[in-house]
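Protein chains in written order, with the working numbering: chain P, 57 to 214; chain U, -7 to 338; chain V, 1219 to 1597.
The hints are simulated quantities; they were obtained by calculation from the structure and are not laboratory data.
Below, computed lysine-lysine pairings styled on DSBU-like, alpha-carbon distance capped at 35 Å:
#1 K145(P) x K1524(V)
#2 K1404(V) x K80(P)
#3 K1404(V) x K85(P)
#4 K338(U) x K317(U)
#5 K85(P) x K1423(V)
#6 K1402(V) x K80(P)
#7 K1423(V) x K317(U)
#8 K85(P) x K1412(V)
If you're wondering where the values come from, they're calculated on a predicted model, not measured in any experiment.
The lines below spell out each chain.
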Amino acid sequence: MQTMVQESWEAFVNLAKGLGITLKQMLVKPVTVQYPEERVIWPDRTRGRLVMPRDPQTQAHRCTACMMCERICPNGSIEITTRANEAGKRILDDYIFHLERCTFCGLCVETCAFDALRMSHAHEIAVRDRSQLVLHLQQENQVFNDAWRGGLPAKKDS
Amino acid sequence: MNYIFDPAAAFAWCLEQLRTLATLVHLPVMAGEWVGSFLVMIGLFTVCSVIVMILVYGERKIAAHMQSRLGPMRVGWHGLLQVIADVIKLMLKESFVPAAADNWIFRAAPYVVFIPGFMALIAIPMDRGVIPAHVNMGLLYILAVGTPGVIGILMAGWSSGNKYSLLGGMRSAAQMISYEVPLVMSVLGVIMLAGSLDLAAIVEAQKVPYIIYQPLAFIIFLIASVAETNRNPFDIPEAESELTAGFHTEYGGVRFAYFFLAEYVNMFVLSAAAVTLFLGGWKGPFLPGWVWYFAKTFGILFLFMWFRWTFPRLRSDQLMDLGWKVLTPLAFLNLIVTGLVLVLLK
Amino acid sequence: MSTEISSIGALETASMNTEEVTLNMGPQHPSTHGALRLILRLDGERVVSAQPDFGYVHRGMEKMGETLTYPQYIFLSDRIDYLASFFNEWGYCLAAEKLGQVEVPRRADYLRVIVSELMRVTSHLIWLGAMGMDLGAFTPLTYTFREREMVLDLFEALCGQRMTFNYMRIGGVSRDLPAGFVDKAKAFLKYFEKMPDVYDALLSKNPIFIARMKNVGTMPTDMARSFAVTGPNLRGSGTALDLRQSEPYSVYPDFKFQVITRPEGDSLARYQVRVEEMRQSAAIIAQALDGIPEGDIMSKVPRVFKPPKGEAYARVESCRGIQGFYLVSDGSTKPTRCRIRVPSFANLAVMPTLLKGVHVADVVAIMGSLDFIVPEIDR
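Kindly generate the complete structure, drawing on both the sequences and the hints.
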């Protein structure tokens, strides 16, 4: 009898403790963020849409069309076509990036020996038409102007 | 005249005006009363809807803040119009009947669930003299009228032609039967103290709120009413993670809205009953009676919500155990002790 | 005695003319945690038999392992069990390193331990919340997600993603700690220290929760072993099998921690093991953060990784049990066979036995306490 009373009392106290926690939480400011208006600050390394940074003045990019990224990409989301320039050297013709297939694994950026690619913080990348997901990185800056503001990154940052 | 502090007088005045109006247009005086009753019904339905809207909004906000969220924020200031948007959405939805459903029973069930709750609300005094329908055995009336709701739930569960719904309906019936007993038994103590079944008389009889004399009965009543309204931790008939939504799995649109309405009206009725029986109804210092009545009722309703957003749910057999093996004996014990004390004090 | 009962049962059945009902729980159901279908035979509220039907999320992970090169597969292994990504990566890398005889620098190993133990904490947090939700308590879920988000922030600062990290590499890890990571991680640990008390008050000590979990789905240790159940489920049945201690890989011998076991084998025991494991993981992380050595994070691995002919099996203690990778190499850049041993599969296999004769409501409790991830089962 005594243990039963004690047990019921303990049960009661523990129920009350649970109630206390939810009540206390009610009085604390919620942790959620009202997304479109408020935004969290992304860490530097956040991997968003792939971009090919360019020099703001000369518009030059660093891609040498070595095809390493195309080869490493597990999903085949990178297609590179090349042509010969006036000097007969192989240069980049078109850098086609299939955003619809990209999983943002970042292997292309990691494998690039010339630091020509970056993962931007662009994450609001929904579009209405699938064809808009096929991007030409070497000639872009129209669709995702804000994707990469930094210009050419310094080489070999961590 | 200050009608805010004397709604009873306002009520009487309105009826008087209607009577005068009736005589003016050469109708029998009774016609005024009929129109009056009709208007009271309409008014009560409006009040009911508004209360439900407040409750739904309140529940969503309370739940959200208990969960470290913000809840509805988009429609109106801090999401105040969210409920209205939801109602419009439910109204505009197609109300379909599943192919496997038992057509007429399926269509009728939401109203069978809703109407008893609404009927019970009529007999609860909101202020001194403000009772939409003064029944001199009001307590018996609300207990009796509140019960058929379960038939609606059973109808919904049966007619949906869905196994989850059927399980939910059956669980609900079993639950109602087991919790109706402690609910009524806990109330008997109050009746013995007040010596009346008239709800207004019970409130008048409370020099101090009966919760002081009958704390155990109050707790039993509270637990049983949570169970009666199928709310967590006793929400096994609609257990979302087991039975998807139990008896209203197959419902959508306006019919679902009626289930929703019924749940909150039932909650309000039982809280109002708890306030009337144990917390002194409309009585309270300084403020007008109806303010006290609503404040107390919403206090109890907050408790309901607080429980829901804190506790896990019981299993059906544990629920039966609690009802029959704990609450019912305790209610009897309470009854016996109350009777003994009353006899000894005489 | 037993015949008496059965004859009474038969009598009742005869007079009431009851029928068994087949209930398809899933593939779309709130508490199957993914697309899993349970075919339940019900007698009233009692389960007569249960048959899991899975394969709705089959993605051909093993076959894809044969078409992708070794470094390419790592990002995919994240998706085997999306709540334990680091363990998948680690298992795969260990197997590949065994194949190619690659040494891993100590610092990289420490980083792997830190992220994996953080992963274990997050996975257990999600499980804890989901467990509460299965039993009808919605609030703990939001609390555990709040804590999990803090860890995910750490992950994002480290490797740029919150769930599918692609962080480990054959022979090390891809990125070193960002500035301030250690402090942030320590701050999290400090914050996290008192959180189990909150969960205790909401769940573990709540009498309703205990009533729902105690003596429900009791799995004796023999049964657990015969079904090859591993991880917290096995330890909840009283067998202290934890690869981190019994077969220490990486730098686990450096750390002091306990292997938590409970003898009861019921849902509550499995629950307690996991809650305790979160504390132990926190202890490991604290030790690793303090003892992290300086040095390289990658060893010298050729750009085109071509392991010699042979086969290798490596396994890690994931948050759900033993996660194993078996790789066969023919000397080319791709494995010819990639077999994945997932703990959830065995944890699911024990379900039909556990579910016999329980209530419908207990199905959810048992399923929750076994903590399987459906995409991992289907691979």
